[in-house]
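According to mature numbering (1 follows the signal peptide of the UniProt record, and there is no 0), the stretch in the sequence shown is residues -22 to -1, 1 to 157, in order.
Hint data in this document are derived by calculation from the structure and do not stem from the laboratory. Computed from a predicted model, the values in this text were never measured in an experiment. There's no promise every hint is true.
Heads up, simulated DSBU-like pairs for lysine-lysine below, C-alpha to C-alpha not over 35 angstroms straight-line [to be verified]:
1) Lys151 <-> Lys129
2) Lys151 <-> Lys63
3) Lys99 <-> Lys85
4) Lys151 <-> Lys109
5) Lys63 <-> Lys85
6) Lys109 <-> Lys129
7) Lys99 <-> Lys63
8) Lys129 <-> Lys63
9) Lys109 <-> Lys99
10) Lys85 <-> Lys118
11) Lys116 <-> Lys151
12) Lys99 <-> Lys116
13) Lys151 <-> Lys99
14) Lys85 <-> Lys109
15) Lys129 <-> Lys99
16) Lys116 <-> Lys129
17) Lys109 <-> Lys63
18) Lys118 <-> Lys63
19) Lys151 <-> Lys85
20) Lys99 <-> Lys118
21) Lys129 <-> Lys118
22) Lys116 <-> Lys85
23) Lys129 <-> Lys85
24) Lys63 <-> Lys116
25) Lys118 <-> Lys151
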Amino acid sequence: AHETLPRAVAMAFACLAAPVAASRTRVAPPSTRGSARPTPAPRIDVSRNSRDSVSGAFGTRRRGETTPCRATKQSYASFDDMIAKSPVPVLVDFYATWCGPCQLLSKQVFPQVAAAVGRDKVSLVKIDTEKYPNIASKFKVEALPTIILFKNGQVADRIEGLPDAAQLTERLKYMLGAS
C-alpha cells in the first residue's frame, strides 16, 4: 500500500548533499500502536508558490522579496506516484519541526544551492517524519535531516546530517550530470 500525503511542499529548484555526518538527530521508530485497520488518506496536494507563506519555509526574506524558488501546484495519488512521474529528479528532505539542523537547512542552505544550481533542475519535497512515519521508515530514515535524491524513480543519493551549501551544490551538479 502506498502512503498518501494530504499536503506536501515541493519547490522546483536544485539541491542535494555530499555525505556529511554533522548535526544528526535520531528519529524514533514508527509507533505500532493503534488500529490495525488503515484509514484512507486524501491525495497528495503539492503546493508551490514563490511569493506567499510557502516560500518562507525555504529562506528568510523581507516583505516584497521573492525567493529563488519558482513554484506551481500539482497533485499526486501517492508518494511513489510523485517520485515516478516527476519529469525532473526529486530531492526529498525528511525533517521534523523540532529539529534545529532541519530548520537551518531550509532557511539557509537550500536557498543558496537553488541560486547556484538553477531553478528548474530538481523538485524539492519536504516530508515531516512525525506526520508520515511510514514513508520515513520505508527509506530507513534514522537521523535528521536526511536528504534523498530520486532520479528516474530510483534512489540516486542520500545524506544524513547538515551539509553546507557548497557541498550540496557540488554534489547535486555531479548527480545531475551523471546518467
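Report task. Could you check the structure against the hints above and give me the numbers of any it violates, in ascending order? Result -> none
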